[in-house]
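With the hints as constraints, model all of the structure from the sequences given.
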Amino acid sequence: MRRDRIIFETVRTTLTILIALLIGYVILLFATDKANEAFKWFLLGPLSTKRRIVELLNRTTPLIFTGLAVSVVFQAEIFNIGAEGQLFFGAVAATFAALYFPHIKFLQIILVMLFAMAAGGAWAAVPAYMKAKWNASELVSSLMMNYVAFFFGLYLVNYHMRDVNAGALVSYRFPRTAWLPRMLRRYNLHPGILIAIGFALLVWFFLYRTKYGYELRMVGKNKEFARFSGIKVENVVIYSQIISGMIAGLAGAIELMGLYKRFVWQMTPGYGFDGIIVALLARNNPLMVIPAALFISYLRTGSYVMGRMTGIAPEIVVMLQAIMILLITAEAFLAFWKRRMIEKSAMSREE
Amino acid sequence: MKAVQMINIVKVYPNGIVANNGVNFEVEVGEIHSLVGENGAGKTTLMKILFGIEQPTQGEIRIFEKPVHISSPHDAIKLGIGMVHQHFMLVPSLTVAENIVLGMEPTKAWGTTIDMDRAVEMVNEVAEKYGLPVPAKEVVLDLPVGIKQRIEILKALIRGAKILILDEPTAVLTPQETEELFVALKNLAKKGMTIIFISHKLNEVKEISDRITVLRDGKTMGTYRVEDVTEEEISRLMVGRDVELVIDRPPAKPGRVVLQVKDLSYYREDGVRVLKGVSFSLRSGEILGVAGVEGNGQRELVEILTGLRFGATGSIVLNGEEVLGLTAYDLRRKKVAHIPEDRIEKGAAVKASIAENLISDRYYKRPFSGRLVLFPKKVIEFAKKAIKMFSIKTDSPLTEVGMLSGGNMQKVVVAREFTSGADLLVADQPTRGIDVGSTEFVRKKIIEVRDSGVAVLLVSADLQEILQLSDRIIVMYKGEIVGYFDKNEGLTEEDLGYYMLGVKRHDPDRVKEAALL
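Residue numbers (the working numbering), protein chains in the order written: chain B, 1 to 351; chain G, 1 to 517.
Do not rely on the hints blindly, as some may be mistaken.
Taking lysine to aspartate or glutamate pairs in the EDC-like style, the calculated list, with each CA pair at most 16 Å apart, reads [claimed, not checked]:
(1) B:Lys223 to G:Glu345
(2) B:Lys223 to G:Asp342
(3) B:Lys232 to G:Asp330
(4) G:Lys351 to B:Glu224
(5) G:Lys504 to G:Glu480
(6) G:Lys351 to G:Glu400
I should point out that these hints are in silico values taken from the structure, not numbers from a laboratory.
Given below as structure tokens:
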């Protein structure tokens, strides 16, 4: 039975991806007369050069983090979609810590990370607390908090940490003590991907092997049951969101320390929302988040490569993502097949 | 002439449960035909298929000897099939007549406004024709359960039903109301109505039916004329072995007072006072039964006692300590166990595994976890032990609880609550909707925990259960204790029925004895 379900979900996910790609191809046919070439770049581009592989891996890192962050709250059946704002605010906090904390080798990196996690956690705590205390919809309040994080963060960076000598609206450059080391000599592959994979294992352990993870999952499976059993549901509602916010905040710090070495965003980077589709693809399983994030990163990278090589707008990938979200969340998609499979296995068990 | 023929029906549910596996079922026109079987045997599924709520995976249906395809209740109604559900489907704020004509309202000249007078007329006509009088102009909300059921029957009749399905209609009725229902049903059958009666109360089945079809594990065990079989034979066919209908209950040896409830009152959110100065005591090693028609304050009483409902006044003393207003978190740690009325909503997480369900009240302590980390091996070990001890039918402790049958699901709940080492066990409808075998099992276990020194508060709508298990009984009516019985020897279901309906009541001094003061 459990194996049947895994087969079913795998087939469904694969089919979903294929359908999305097919639709993407059809759209390309309308957009250009070199559709085949564009599609080839899109599909194979990310693996065509070493630089692009590095790009692919670096882009995977924040998606793993936000995918994990979203998985944690989704497992508790809490729809906090504030990972975007938590990541952004974590990045602002990281900028502050990188510029003003004592410049001590190695130690500062740790401090910047911790500070960003605290900031992300604090940001997530606001809707969490409002939910636990007044039953305010976390969906709405976390979404609104994204805007607050964005504008408040921009204010802090642009008015207090801006490098006036730089040609763009960016912060001062981080001191070298706040740079993540390079893992390859010629390419900027930073160790974020390893930290992210480590976190995926950690989150898995937390969810499936600790008391708090157990509480969290039970609240997600049946809140009334959890309360009836003597689990403090309000606590779970709060700490699950704070943990999620901390993971998202850390993603912001790693992105800046590893890739840009300064605060560079004048628009939200969108990783938080991509995290939702990563979590959906991974069915909220922390270990599955890794391949799911890699896949989304692959699509993204492919679309950029295609854009650079053919001039087609990379935003096409957003459409593909939307199609995939629709198909995966649509319970009825392929339900008939699932039903037949269940009937067959049930009847064979009877005999 | 055959009214219903269901031939070789197979139904597999989306969760993989095979509810019907080659069922054959035939009903003659004008007979009362009982469909019996344990819960999970497939009775309700079969009827849902007949009424078009579920689609069969395989099989053929004929109505009045014509092959049909019933794809929705709408089709079923057109074919002359009516169903009275276990849970009433009425709009409480509308009048009786409005409820009955809902969806087929007579309208005035322009077709824009409902012709209420005509509606009332229509209802009275049908009511008279079939001998089922109802107060057509009254609002449904406050009517007694027996009347609500009659409204449901009329709803089916006015739509031209010739085949009437009643799904466990007596589960919510008092003995007196059941009697009235039976008179009405026999009357309907005499007028040529075909009635399918679902129940697992065998004495009722014996009393009312012409023929009986027995289901077990989704298969037909046979159809019998009622005079050809005894209750014992039917139950053997249902369960597949001999069932002890009488449970051996040694006399109680009550000890110290565990729970003392004094003057407990509670106003519900809608301002209705659902508990009015309830007082009683409960000692270790005894079972106090709470009888009453559902909705007379029992649910609120249970939820207040187990820390799931707040805002009551009065006093609850547990092991010498005031606990009114504490949450389930606190009360669980003060050794209160609770079998809730609804196992799917509260008692279990159906999407979690059996093992995860079994530790939900103790996951935080040894041997299941240390400071932070769970010990999965210990959890599985315990789950395997519990599965064996409570004979839960499954192949693995990792099976999702939602995949189990109702009886096995309840065993999971019971296994957890009986092994929690509690001083007080609040058992709310512990055997509702589960099969005969599981019922017998759970009842025996309740006696066992009593004898191990637990104080048991047993709330049940099943009077047989109350009489069988309780050492003392209180009867609740409109939020008050109206009857108190110290010894239940010689007490019958009918006796309790009068108190449950508020016809009789003990004087306040006798009721005070429940508090053992």
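Hint check:
1. B:Lys223 to G:Glu345: 9 Å, holds
2. B:Lys223 to G:Asp342: 14 Å, holds
3. B:Lys232 to G:Asp330: 10 Å, holds
4. G:Lys351 to B:Glu224: Between Lys351 of chain G and Glu224 of chain B the Cα gap is close to 13 Å, so the pair holds against 16 Å.
5. G:Lys504 to G:Glu480: 13 Å, holds
6. G:Lys351 to G:Glu400: 6 Å, holds
Of the hints listed earlier, there is not a single one the structure fails to meet.
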